[in-house]
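Chain residues, written in single-letter form:
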Amino acid sequence: MYQTTSMVTRNTDKPLPAASMHLLLALLRGENHGYGLMRLVDEQSQGTVRMGPGTLYGTLNRLLAGDLIEETTAEHDDAVSDRRRYYQLTGEGERIARVELGRLRGLVNRFRGVAGLGGAPA
Amino acid sequence: MSAGFNVGVYRTLAALYPKAFRDEYRDDLVAAFAAQCRDESVGRVWLRTLRDLIVTVPNQHLESRMKRPSPHTVAVVALSIAVGVSVLALASGTGPTTWIFLVVALGALLVAGLSWAAARPARADTLSERLTWWKLAGSGIAVLAVVIGLINIPIWGEGDLPGPMWVVMMLSLVGGVSLLAAGLALGTAHWFTRNRAIPKSAQPRVG
Numbered sequence: 001m002y003q004t005t006s007m008v009t010r011n012t013d014k015p016l017p018a019a020s021m022h023l024l025l026a027l028l029r030g031e032n033h034g035y036g037l038m039r040l041v042d043e044q045s046q047g048t049v050r051m052g053p054g055t056l057y058g059t060l061n062r063l064l065a066g067d068l069i070e071e072t073t074a075e076h077d078d079a080v081s082d083r084r085r086y087y088q089l090t091g092e093g094e095r096i097a098r099v100e101l102g103r104l105r106g107l108v109n110r111f112r113g114v115a116g117l118g119g120a121p122a
Numbered sequence: 001m002s003a004g005f006n007v008g009v010y011r012t013l014a015a016l017y018p019k020a021f022r023d024e025y026r027d028d029l030v031a032a033f034a035a036q037c038r039d040e041s042v043g044r045v046w047l048r049t050l051r052d053l054i055v056t057v058p059n060q061h062l063e064s065r066m067k068r069p070s071p072h073t074v075a076v077v078a079l080s081i082a083v084g085v086s087v088l089a090l091a092s093g094t095g096p097t098t099w100i101f102l103v104v105a106l107g108a109l110l111v112a113g114l115s116w117a118a119a120r121p122a123r124a125d126t127l128s129e130r131l132t133w134w135k136l137a138g139s140g141i142a143v144l145a146v147v148i149g150l151i152n153i154p155i156w157g158e159g160d161l162p163g164p165m166w167v168v169m170m171l172s173l174v175g176g177v178s179l180l181a182a183g184l185a186l187g188t189a190h191w192f193t194r195n196r197a198i199p200k201s202a203q204p205r206v207g
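Protein chains in written order, with our numbering: chain L, 1 to 122; chain H, 1 to 207.
No wet-lab data here; the hints were simulated from the structure.
So the derived label-pair ranges between C-beta atoms look like this: (1) 111/L with 3/H: 42 to 48 Å; (2) 12/H with 94/L: 36 to 42 Å; (3) 114/L with 2/H: 50 to 56 Å; (4) 88/L with 58/H: 26 to 32 Å.
Cβ atoms here follow ideal geometry from the backbone N, Cα and C, with glycine treated the same way.
Only chain L is shown next, with the shape it has when bound in the complex (with noise of 0.2 Å):
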């Protein structure tokens, strides 16, 4: 792995980067690859969030030197001959994307009692 700087450490569950969170919650649903997280963070976002492969191997290395993923390519036959890495959660991560999840549902709920704003008024 590339070590970077950022993330290396996270005490704080202070909320993460766009990138980072998306990709957490794309992992939520289960170890993929690179190209396959793409697809459902384009997907979960409702297109809105298209990341380039720069952006999404820069934050997929942040959050392994941060321990919130870990590469299982060994765990996949296909992955031999595809040369695809695959990641999944660490315990760490899986707790981090439930602490976003959560904030983001937080978030919805404070709306939800706001005539006009996306939910049935109170």
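With chain L's structure known, arrange chain H on it following the hints.
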């Protein structure tokens, strides 16, 4: 354009990433790009990819520099500022702002020079050992070439050079000639010293 051509161009552009990142992810980057080209309109993929490159290449370089700061980082940053501000000075024409830009550029250049010198490993003990004649003479020739080139390109409009630029050009010309002269003088002095330092008895016999 064939898919292979697009992928080849992207592979070449991926060389812009820092070496460590490239070594680790180049094949993955290219594979992801190729897969995108297969699934979407190539034009749209290129638009997104170019935007991606513009953002992520400098970002990766910054991250790799932060991780492994080079002793020359300050010098490189200062030199970049000097070049940027010099361009602004050239673009701003005449007036007090030009002078301000030039002073900032010279300051940045000075910082770049000092930090570069400070970052050098102390291999040579004396200034004369560090300053080899060919470096001085080469710098002089380079400065003269740049100044003469700048004077001759028609970017100055119909009139003469703007006032502050004229002063800078003249100073640079004098500096270039001085460097060249110093280099040649040092080279000549070294040549004489070296020949005198080896006694005839110690020199290898020929024949």
